[in-house]
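Mind assembling these two chains? They're in different frames, but the hints should get you there.
Here the protein sequences line up with chains A and B, keeping their order.
For the record, in the first sequence the residue sitting at position 220 is 220 according to full-length UniProt numbering, with numbers rising by one throughout.
For the record, in the second sequence the residue sitting at position 445 is 445 according to full-length UniProt numbering, with numbers rising by one throughout.
A few of these clues could be false.
Just some of the chain A residues that point at chain B, by a computed CB distance under 7 angstroms [as the list claims (entries may be wrong)]: (1) Asp76; (2) Phe211; (3) Leu217; (4) His226.
Hints in this document: simulated from the structure, not taken from any laboratory.
On a predicted model such as this, the values are computed, not experimentally measured, just so you know.
Each residue gets a CB set at the ideal place from its N, CA and C atoms; glycine is no exception.
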Amino acid sequence: MKAMLLKRVLQLVTVVWGVGTLTFILMRSLPGDMAYRIAASRYGQDNVNSEAAALVRQELNLDQGAFAAYWHWLLDLLQFNLGHSLVSGLPVIDAIQHMLGHSLLLALAGLLVSILIAVPVGLFCAWRGNPLDSIFMGLSSMIRAMPVFVLGVLFILLFALHWNWFPVAGFGTPAHLVLPALTLALSLAAVSNRVVRDSAKHTFQAAFYQFSKVKGLSAWQTFRRHGVRNIAVPVVAFFGIQLVSMIEGIVMIESLFSWPGIGHGLAHAIFARDIPVIQGAALVMGVLFVALNTLVDMLCLWIDPRGVREA
Amino acid sequence: MSVLLKLTNVAVFVGDTCLLEPISLELKQGQPLTILGQTGSGKSLLAQAIMGLLPDTLSFQGDIEVFGKALTLEQRQALWGRDLVMLPQEPWHALDPLMKGINQVAEVYQHVQGKSQNDAQASAQQDLLDVGLADSAHKRPGQLSGGMAQRLAISAATAGGAHVILADEPTKGLDVSRRDGIVRLLQSRSIEGSLLTITHDVAIARQLGGSLLVMKQGRLVEQGDALDVLTNPQNHYTRELIAAEPKSWPDVSVALANKTTETVLVAENLAIERGGRTLFENVSFSINKGEVVGVVGDSGCGKSSLGDALLGLLPVSAGLVTRSNHTAKPYQWLKLYQDPPSAFTSSVSLGTLLKDLVDLHNIAQERIVPLMTRLNLPESILQRTCLDVSGGELQRFAILRALLLDPVFLFADEPTSRLDPITAKDVTNLLVELARETGCAVLMVSHDPDLVRKTCDTVITL
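Next comes chain B alone, as it looks inside the complex (with noise of 0.2 angstroms):
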């Protein structure tokens, strides 16, 4: 079995501060290596290192040895596309949106491997029928769905031949029934030479076998072959992600202090329509106070649109949301989103957030700390910006001003799909217990069916 990719205690700094630290390992023909950890753990560094696509104001140190012999910087890329290529993490961004899916695929049969213009094309359209988007061949990047862009990404960039592939979170963001498909895709187009994924997803690297290795802010805390590490864990921290899984959450409690019933929101034959496509129709529910509702189903199944239009976000094409709740002012009604960055205005600290909502609102001053504590907010954040704090740590502070308003019913909406799986556990479950405790009715969309199904009370399948 020969070895393809030889690190041997590569690192990263920047300036003196080091970022990742010393780690060796082998990637070997026919045996795809996984680097699982946390957002944040460095574990990019180390693809954009192997790759040769460390930003300019980050250095690397340690040896990099590619099919046998060790490489400099250029030589490596000069294997780009055709030995070596890196997947992106957001298929999205890595597209031309201004080009074609299929040209996109093509152009890389033609200049890289320097086929005819007739030839490319023809290759590429059979590539795209391999991976199921031959009806989507003439759309755009921005007219596919997130599955769809990354499968397109993946042919693109194997069209070159290259048969080590790098993997950087490729199914971030994706619905788990498009996350297995991702995965086998990967793992035949790796077939020749072989693969290394970096991800924070458990269940990836369970499907993908092979050796693991497991980061910890730029340490590596263990390795071994995955199937091992992952039924024996021996260090404390691999534990926890794999109890962060929403498969091994416990199952939720029904012994609920608030649960009453008394109903918030009534939806009757609920029709929504976008673009002219009917998402869902007679879709019925009633949502209680301190109730928790789930709401599962496919990317583009219409989960958000149903979330938006409770709050009168959206129109509805057919039915009846009817609000038993007449007291309640209008504020009370809220939206957890999905991205929090989006959601916050960067020029101006928290606390001047904050101090806004509690000034508007006139809100008790004392209750703030104490639910900051609850929500494990540290005081020091209000002086930040919502760029310098961590996606968990705004998430959290998302909820606080959410919180504060006393909502009597919350939309969040896949409020924990862009955190790392440990944080995503804290967040979830800290949301759901306060809203027990206040009474907030929350429908919460996730693509994840088990986080769900571990969460909520009721749930709405799209």
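Bound conformation, chain A alone (with noise of 0.2 angstroms):
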């Protein structure tokens, strides 16, 4: 467990140092002068000319060669100063906090969402067999074939202006995220309720889950103690594997419901050159990657503890 910690965080060293080095020759590589794109975000587009332009060049060093812009950047990285937003000149860090907020927010939301909908239809599946079974394999052929957006605009038609149930988009209130959770919350369980579903049928017909109850646990007893945790250890993994690809997934969501994330934040700064923000929005997402990949494979662990040596 040590050792796995220890190899996480020099991961996460690298992880931050790549993906912050990659952003930058990436912005510094896009066509276009870069004072302009800024000054038409700071003054809007109409609003620029190449005084403005100049204005913006001088007050933000952007002269400067790239190597000593790159070694700035390193400089204040080492410091956890992520600078200031070359747009809003607002410090990033704060901007990123609230764009992953709402992120994390709606993710966990959907993930929950998708778990309480996927365990059950994946277990009922695996019990009751046939035709239960193949309905519900079509029905979650049909939602994962689907690109998510018409997902989104099924329901926005649906609940939000025909029936009027929910706000079309925005955020704010608990019934704001109701549709984009359960968008992404469908479109997860697609998937997941058929993970669920094979590996609860393969601990079903497993030889000691017939055994646990011809030793005489009853039913539910057997499913309990040893059909619970032993399907859960590929349904868990998986779960995580969405969790964590859900961070650069989820950004169709946000921007169909408006949804104020981090994908829909850092789409925006890469329109307005605002490179801080993007680099800073680049590595939370790395870092996130790398904290939740550890969490999920520490749960994994505890779940399935073979094939570490115990003391």
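Here is the structure:
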């Protein structure tokens, strides 16, 4: 466990440096004059002229060489200073905190709802078998085959416009969270309910599952004592993968529902050439990636300690 | 003597096909009953039918009386654990891989016997102490040897108080020394009730005594008192089964055509470590062309590791392996695996596998048919995959595959331990015969000292 954590910390440092450097290079190599783009974001597209651009260039010291800029960035990073937004002038860390909070809220809510859908459906399919199993297989494939924004638009049309139950987009109240979370949850559950079903079916057919009943334990006791944990092994790992991949995949839903998350914010920052925000967001996402992976690995290890030499 | 279990004309069908022909038997208190027969003779179906564990695709006919009452399937299932229990064939698979051993016993005391958690733990601890597993109580099944896992499974199975025990191949894959212990444990656990054992091992039938039923392909061929039947078998098949015990094999004939003094391989002062533990050290021997060398020893002593080390599949921690034959290609140092199905892919037919081999090594086509005839392999198996042929056929096919490459050295890792005795005898004899003919040196690992003694020229004991 200690060795694993140490390895992860090392990984974290590498990820932070790698992601930061890569975004730096990529942003520098984008076409167009940076000063103009930043000025456009600051003052509006119509108010930009070469004077404003020159002012921005001077203020932000954009003329310094690439190496000097990189060096500054690296030094700042070592002091945990992500800098200020080139557009708003506010500290990057505040903007990211705000965006990340919303993204995490949406991601966790989506995952939670997807678990609430996938686990009962998967278990029920494994337990009952056909025809229920085939029906859910078809349904899952259908939802999975749809791009997630189609699902979202469908929900907006149905629940927001037709029935007026929930707001179309935006944020602030719990009601705003419902549709984006549900969209996310359904697209996640479409796959994960099959994983639950396969794992459960595998476990129900296992010799040890039968032996537990032969020993005299009731069906429920057998499920509780031998089913849950064994079914959980692949399922938890899969939910972990989903959570991690959601950080990048959530962009679509955030844009659709105008959710002020990090994916949404990152896209805007790229249009505005707001390099510190882009770097900051990419960095934080990289860190989150490693942190969540570590968390999931630790959880999996706790459920299934095989393979690790036990003292 | 009360009758605990009475079967009247119990038969098992899949669709219209009869897998187990009608059989009647009585299991009496204190008198163990053993059903002896080859794999695939429908023995296991009988135990599953009694328990009410037949798969949905199978149906059964006849009456099953338990404790003097005809019971339905649900009523029999209600007896599980408390009165009636079945031991699994493969204890490793029958134990929860994630749960510590002691908890798998304690949960029975707690949930079946209704003891408090502390009492249940204490009882389980005592049980494990009785079967010599006190030190391994907190290990998971994956950390136990086959014999330990079976002792744990027996403890868990009998903790609920059941005295009528059905044991389906309880000693499959276990060393001889472990086998006797398991049989004694089963005997002691069933002392107040009775024991119905299903096995292909004549030695177990002899050790258990009581009454004996001999089955062949779903049909009862002979029954009676175990010792009578085994000392004076009437049926041809029973005699064949008894003769297939390595103990009764003819001794190895020393007059060997191809045996030379030409050395193939020399091992000097070998030592092997695995997982920080030294398995053995200072092992030295040499193997000659056409010689069959046996390796015996308890499970976990490093028999298989020795063979792998000779092939260069495992590093040695000390010592030297010298190959005297320098002209042989790397693929002429081969291994024959213990579990034939896991040594083949099931996604293509055996014919395709054979063709790939022939193409890769430019093997002359005309060599194949005679060798297949010799190995008693019908041409039709080439159309099938490894899942559709019997274990014996598959292992013979593995031998065919190996011999086509003209091996100079073949490491046979328990090549017949997963086969039933009659097939095992055939396969072993063929392997030894062909190896001697072709001058291939063989290192044969086995957990059965009798088998090694009867087939090998020299024996290494680890």
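Here is what the structure says about each hint:
1. Asp76: It is violated, given that the least Cβ distance between Asp76 (chain A) and chain B is near 48 angstroms, above 7 angstroms.
2. Phe211: Since the shortest Cβ distance to chain B is 4 angstroms, the answer is holds.
3. Leu217: This interface hint holds because 5 angstroms falls under the 7 angstroms limit.
4. His226: 5 angstroms, holds
Violated hint: 1 only; the structure is consistent with all others.
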